[in-house]
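*Asks:* Based on the provided sequences and hints, a complete structural model is requested.
Each chain, letter by letter, is given below.
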Amino acid sequence: MTCGDARDMFSLLADDALTPLERAALDAHLAECAECRRELAGFERAVKLIRAIDPVRAPAGFVERVLAAAQAAPLPQQPAPLPEQPAPLPEQPAPLPPQPPPLPRRPARRMAWRRPAVPLSAAALLVVGGLAVLLFRGSPEQQRAAQRQLESPPAVTAPAPRSDAPPTPAPPPREPQKPPAPAGERAKTAPTPPTVARKRAETRAEPKLSDEQRNVTPPQAAERFGAKSESSERETDKRDVAQDAIQPAPAAPARERQAATAKTQPTPQTSALSRTGAMTGIPAATPDVRAQLRVADVSAAERSLIQLATRVGGRQTGRRIDAGRIVVELALPRDAYAQFVREATALGAMSIESQTAERPMLAVAVTVSN
Amino acid sequence: MREALGADPRGLLARLRAGDPRAFEELVMTYQHRVFGVALRMLGSRAEAEEIAQEVFLRAHRSLGDFRGEARLGTWLYGIASRLCLNRLASPDRRVARGDAALLDVPAATPDAAAEVERAELDTALRAAIAELPDERRLVLVLRDIEGLSYEQIAVALTLDPGTVRSRLHRARMQLKEKLERFA
Chain A
1 MTCGDARDMF
11 SLLADDALTP
21 LERAALDAHL
31 AECAECRREL
41 AGFERAVKLI
51 RAIDPVRAPA
61 GFVERVLAAA
71 QAAPLPQQPA
81 PLPEQPAPLP
91 EQPAPLPPQP
101 PPLPRRPARR
111 MAWRRPAVPL
121 SAAALLVVGG
131 LAVLLFRGSP
141 EQQRAAQRQL
151 ESPPAVTAPA
161 PRSDAPPTPA
171 PPPREPQKPP
181 APAGERAKTA
191 PTPPTVARKR
201 AETRAEPKLS
211 DEQRNVTPPQ
221 AAERFGAKSE
231 SSERETDKRD
241 VAQDAIQPAP
251 AAPARERQAA
261 TAKTQPTPQT
271 SALSRTGAMT
281 GIPAATPDVR
291 AQLRVADVSA
301 AERSLIQLAT
311 RVGGRQTGRR
321 IDAGRIVVEL
331 ALPRDAYAQF
341 VREATALGAM
351 SIESQTAERP
361 MLAVAVTVSN
Chain B
1 MREALGADPR
11 GLLARLRAGD
21 PRAFEELVMT
31 YQHRVFGVAL
41 RMLGSRAEAE
51 EIAQEVFLRA
61 HRSLGDFRGE
71 ARLGTWLYGI
81 ASRLCLNRLA
91 SPDRRVARGD
101 AALLDVPAAT
111 PDAAAEVERA
121 ELDTALRAAI
131 AELPDERRLV
141 LVLRDIEGLS
151 YEQIAVALTL
161 DPGTVRSRLH
171 RARMQLKEKL
181 ERFA
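Protein chains in written order, with this note's numbering: chain A, 1 to 370; chain B, 1 to 184.
Just so you know, the hints here were simulated from the structure itself, not pulled from any lab data. We treat Cβ as the ideally placed atom computed from N, Cα and C, and that holds for glycine. Among the hints, a few may not be true.
[As the list claims (entries may be wrong)] A few chain B residues that don't get close to chain A, going by computed Cβ distances all over 12 Å:
(1) Gly6
(2) Ala7
(3) Pro9
(4) Arg10
(5) Gly11
(6) Leu12
(7) Glu25
(8) Val117
[Stated by the list, open to error] Here are a few chain B residues that face chain A, going by a calculated C-beta distance under 10 Å:
(9) Val28
(10) Arg41
(11) Glu55
(12) Thr124
(13) Ala128
(14) Leu141
(15) Met174
(16) Lys177
[Said to hold, decoys possible] Label pairs and their calculated CB-CB ranges:
(17) Thr124/B with Asp15/A: 23 to 31 Å
(18) Glu132/B with Glu32/A: 30 to 38 Å
(19) Ala14/B with Ala349/A: 43 to 51 Å
(20) Glu121/B with Pro55/A: 17 to 25 Å
(21) Ala300/A with Glu3/B: 40 to 48 Å
*Replies:* Next comes the structure, spelled out in structure tokens:
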């Protein structure tokens, strides 16, 4: 046994994972090699130091914050069929498969996942206060992806399969030449969260990454992967971003979704400050987010809101008067939502009444009053 | 080192799949410290670690239907956390700021009143040495020597060949040994 062979066994020795034969061979070498004995002493000391580091605990209130965020997140479809592939790591969304027809809302299930002690408004405020940043985090890349969505032409919509039919295999994950449909178009053609289908597609997509990792053999190849993985993970991030931008909307009644779609249709000719066009005075269907903004100067705040929406990549979609108060209707990229909330909060006292969707474009109705 | 990752709470997976409203809360309560721990050791910032840890559970919440139960829930969550951390560390926006902050926000082990100065220096050197490890090596080291996972659990969580786990862990430990030799 060489010194190199002996030192390669130090980790297994520290983990008590050597076979009796390996252990005997190592002991025999150490008995004759003072240099390796010194190396081993230093190695064991380092391992002991690392293992002496105290485990950390999650901060107080962590569980409550996660539960509040989960309430605002899309609900799992139960029971889910077993996928054929190994259990995936779910952080690698797959491209959107063709959309099945709408499923009815499941109020019983939704209630089951809510904590009755927490009012919806409180949960929404919690989310906006801290977790909206998580859910709607907008890196520059994500905002650009959302912007590309706004600018891209409508895509041809594939016919929707039966809801019980297996999903069509998802397209390859990297197709930058095929931008997703605009949010409004997608909302119209993809009204239902194909959660199960999408998850199946994710299952298909995930092993690709796993295989990349499995193909690596130690030790030299592991180093290559270590170096390579940075770029591949960055690509993964970009795919995440692209997929986030085409995330389907959660389940909603068809008529509600249709109305929301009308509200979020692109209106390219409408300038950011225009109050015509889509401004019918008729409230659209339930928006994803309702907000109350109390300010001293309503008109100035309204202008600022519209400018802010434009600046973060969104647009105004409507304006109406509700009980004497101005309601500004906006379509905002989901990824820019957190930025919008942060900056809108600076305009006055803002409260959020509801928040549900995870679609790429959010319908936001802001009631401005003093 | 944290205690070994044992079996999931009895019946938890079945209750999660059945839509038991308390089951998800139990999942978070059971694994919050582990998930937060690996995120903190990898990212070095408590705020960022909490953000990632929350995202881990939200993704698990959305993906429970896809979890086949071949691995433990804890291993599955470690896998999600690991991937999210590596993605975050590799993001160009974060890369600018890293290198100096990693692990510095991590509380040191309980101070030994008998050797304060030397111990403090050693703690600082230890944390700096861990922070300087390549991300993939640091992840394996954290999972094994701080979070207490077995080689097999790490291999499952990271979908790596066990040999790769062994190799990365050994190289990480050897690198730390070199960095800490002056304290011998």
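*Asks:* A separate judgement is required for each hint: does it hold in the structure or not?
*Replies:* Hint check results:
no., hint, verdict
1, Gly6, "holds, 15 Å"
2, Ala7, "holds, 17 Å"
3, Pro9, "holds, 15 Å"
4, Arg10, "holds, 20 Å"
5, Gly11, "holds, 15 Å"
6, Leu12, "holds, 15 Å"
7, Glu25, "violated, 6 Å"
8, Val117, "holds, 16 Å"
9, Val28, "holds, 5 Å"
10, Arg41, "holds, 8 Å"
11, Glu55, "holds, 6 Å"
12, Thr124, "violated, 12 Å"
13, Ala128, "violated, 13 Å"
14, Leu141, "holds, 7 Å"
15, Met174, "holds, 7 Å"
16, Lys177, "holds, 4 Å"
17, Thr124/B with Asp15/A: 23 to 31 Å, "holds, 27 Å"
18, Glu132/B with Glu32/A: 30 to 38 Å, "holds, 34 Å"
19, Ala14/B with Ala349/A: 43 to 51 Å, "holds, 46 Å"
20, Glu121/B with Pro55/A: 17 to 25 Å, "holds, 23 Å"
21, Ala300/A with Glu3/B: 40 to 48 Å, "violated, 59 Å"
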